[in-house]
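Trainee: Please build the complex by placing chain B on the supplied structure of chain A, with the hints as guidance.
Here the protein sequences come in this chain order: A and B. The first sequence runs 0 to 278 under numbering that gives the first Met the number 0. The second sequence runs 0 to 218 under numbering that gives the first Met the number 0.
Source of the hints: derived by calculation from the structure; they are not laboratory data. Check before you lean on any hint, since a few could be wrong.
Below are the EDC-like pairs computed for lysine to aspartate or glutamate, each with C-alpha atoms no more than 20 Å apart in a straight line [said to hold, decoys possible]:
#: 1; chain 1: B; residue 1: Lys180; chain 2: B; residue 2: Asp168
#: 2; chain 1: A; residue 1: Lys198; chain 2: B; residue 2: Asp86
#: 3; chain 1: A; residue 1: Lys198; chain 2: B; residue 2: Glu162
#: 4; chain 1: A; residue 1: Lys198; chain 2: B; residue 2: Glu51
#: 5; chain 1: A; residue 1: Lys80; chain 2: A; residue 2: Glu70
#: 6; chain 1: B; residue 1: Lys79; chain 2: B; residue 2: Glu25
#: 7; chain 1: B; residue 1: Lys205; chain 2: B; residue 2: Glu25
#: 8; chain 1: B; residue 1: Lys45; chain 2: A; residue 2: Glu196
#: 9; chain 1: A; residue 1: Lys198; chain 2: B; residue 2: Glu50
#: 10; chain 1: B; residue 1: Lys72; chain 2: B; residue 2: Glu50
#: 11; chain 1: B; residue 1: Lys72; chain 2: A; residue 2: Glu277
#: 12; chain 1: B; residue 1: Lys79; chain 2: B; residue 2: Glu50
#: 13; chain 1: A; residue 1: Lys129; chain 2: A; residue 2: Asp145
#: 14; chain 1: A; residue 1: Lys155; chain 2: A; residue 2: Glu125
#: 15; chain 1: B; residue 1: Lys177; chain 2: B; residue 2: Glu162
#: 16; chain 1: B; residue 1: Lys109; chain 2: B; residue 2: Asp86
#: 17; chain 1: B; residue 1: Lys174; chain 2: B; residue 2: Glu201
#: 18; chain 1: A; residue 1: Lys141; chain 2: A; residue 2: Glu69
Sample of chain B residues lacking proximity to chain A, with all beta carbon distances greater than 12 Å (derived) [stated by the list, open to error]:
#: 19; residue: Tyr14
#: 20; residue: Lys26
#: 21; residue: Gly27
#: 22; residue: Gly37
#: 23; residue: Ser66
#: 24; residue: Arg88
#: 25; residue: Leu121
#: 26; residue: Glu125
#: 27; residue: Glu162
#: 28; residue: Gly186
#: 29; residue: Ser197
#: 30; residue: Tyr211
#: 31; residue: Lys213
Examples of chain B residues toward chain A, derived with CB under 7 Å [as the list claims (entries may be wrong)]:
#: 32; residue: Arg77
#: 33; residue: Ile82
#: 34; residue: Pro91
#: 35; residue: Tyr92
For clarity, every value in this text was computed on a predicted model and none was experimentally measured. Glycine included, every Cβ here is placed at the ideal spot set by N, Cα and C.
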Amino acid sequence: MRRLLYGMKIFLRDLASNSGSFLLPLAVLSLSVFVLFWFLLARHSLSLQIEKLGSHLQARVFLAPGASAEEVISAIRSKIKLTGWRYISPKEAWREFSNLYPDLASALGEENPIPPNILLLFPPGEDLGKIRAALNDLRRIKGVEDVVFQWEAVRKLRSLKGKFETVGGFLVLLLGLASALIIGNLVAVGVASHRWERKLMELLGASPGFSSVPFIFMGGLISLAGSFLGLGLFLSSYLILRVKFPGFFQPLPPLYLWSVPLAALSVGLLSSFISTREF
Amino acid sequence: MLRLVGVYKTYAPPYHALENVSFSVEKGEFVFITGPSGAGKTTIIKLITREEIPTKGRIFFGNHDISRISPRKIFLYRRKLGIVFQDFRLIPYLSVYENVALPLIIRGKKKKEIQRRVNSLLQEFEIVHKAQDLPSSLSGGEQQRVAIARAIAGGPELLLADEPTGNLDPFLSKKIMKIFKRLNLKGTTVVVATHDTSLVEEFGGKIVELSYGKIKRVR
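Next comes chain B alone, as it looks inside the complex:
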């Protein structure tokens, strides 16, 4: 499904943020990208979402080299992705319902379909009673659940999470990881970038270990 082939990313030569990184993610897999801060986890996520372009190497989604997609067409590729951020990135003046509905509005879905999908997601993530609340009134765990609901609202082929538990306590972190695991069991391919090795050990899956921008180990 996703293949990184000899990827380099250089911000300030001669130092490479990523150096000759190659790995693949198969459909339905649960993959952890792990490593200490500055190892290049976020850079990989940014390259996959095409926020950044590799300095060298290629990234394939299916058979398409995503570096070659024109900037005006990139939204079509991004509609296949769901992204969860460490800092949640919920729009503060939109209600929980509106935040979750945003990807569906973007995709031009009909009002009834949006209602059905959003209500079902809010129920699934146990935040239906907060539907009309603003994100600022939610706890960290609730905000992250809203962010995950938003990420999967559009039915992504690949769910990317960049340090999704970075702002949460260990109890909430496990709860969020269980949600990812559940989504993966339902068939969504999940890639989680985290520095939390205890979570990686506990939840298993394929692990891509990074160190100083290089792949240390894939297991």
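If we strip away everything but chain A, and leave its shape as in the complex, we get:
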């Protein structure tokens, strides 16, 4: 505890005498945390959207005249994994069509253009490419007239999420590395400017750990301050944008809110630790 108080004293003294040198690391850190939070929020919102759309992955298999629904469904089930299926009779199909397109239905009169079909339900998160290939195979089954599926939105969102994660991951790695380097550099400068004190403490019997603690503490404190500043900026901008675009941004789970400062603290402590050992 007394070591930490001593560390605090060094830190506050350095802060008071040379506050300018702390501004750049604080700015880089808070900006990194701000960007990281927005990345996490965007990723989280995208995931929720995909999950919502993905839970309704379905396709329709239209039957040829005279085809047996039982035979077709047993052939389909041997080829694709389903979470469920439902046979839709011509009457039911017509009712659905009339509900969806009342004007077109009245123009057609009594003529029912909708053949009987089977609604297939797929497991959420299933690989779309695999399902698509399997569905194309279904066209060759005897009794199948056509297969219809429209998952462009899901496919595009998934692909966007994949690209987003790659770019975002790279960005987070880059900002994390920049933050670690900048904290490490700040601590190294602190260690250098207190070199004689460290030397003195070592001559007074301080263990290597004791003389390093104040500087590791300094790095930890800077990273925490930077992450809370970044969190504050993020929350302010999030609240403003949520009012302007209601329903667009999903609330960020609390897990993120405390895990990011914790991660920043770990980065700060680790880079300070390495710096004190190196210098």
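Mentor: For chain B alone, kept in the frame of chain A given last:
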């Protein structure tokens, strides 16, 4: 207690800062290491504190060869030493009290024990009224007394002083030497490196005389 056996220290060959230096310090002794500037006094102190390692020869503290102590364990050896520097080396932003308390904090002593020990030392060295002052507001003599209080706060087995009176006038120098003598009478082994022969003659004790890195005389 302390033995230097055939110690050499070479910074820029072929010149030796120390050449074949051997002497010993017994427990409870008061030893002066004396000689002109550049004779090697500070080098000997640095070798004893393990700031430097001998180029050749061995230094024993008790039965341990201190050159062989691993760098990560050296702090345990240094806790047996008290060191006083010519330039005091007080931490400028810590109060007198905190400076004296530092070795005890380093040793992980409890708050009450630190208070008791530091207050007793400040009283002994007549600087208790300056406890909360910063070193910059003290006179040279007061700063050196704080430095000595800090050096003995941890209860060292061996007190080393490198030119402790180098920055003080003759009156204060005698006052500081009397403090060392008093500490020695209480049982602390003291080694003082100084070029001031008048102090050496006045306060006596074992004298190791150096000249150009070699021992000229031990008396």
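Trainee: If you test the structure against every hint from before, which numbers come out violated?
Mentor: 16, 24 and 34
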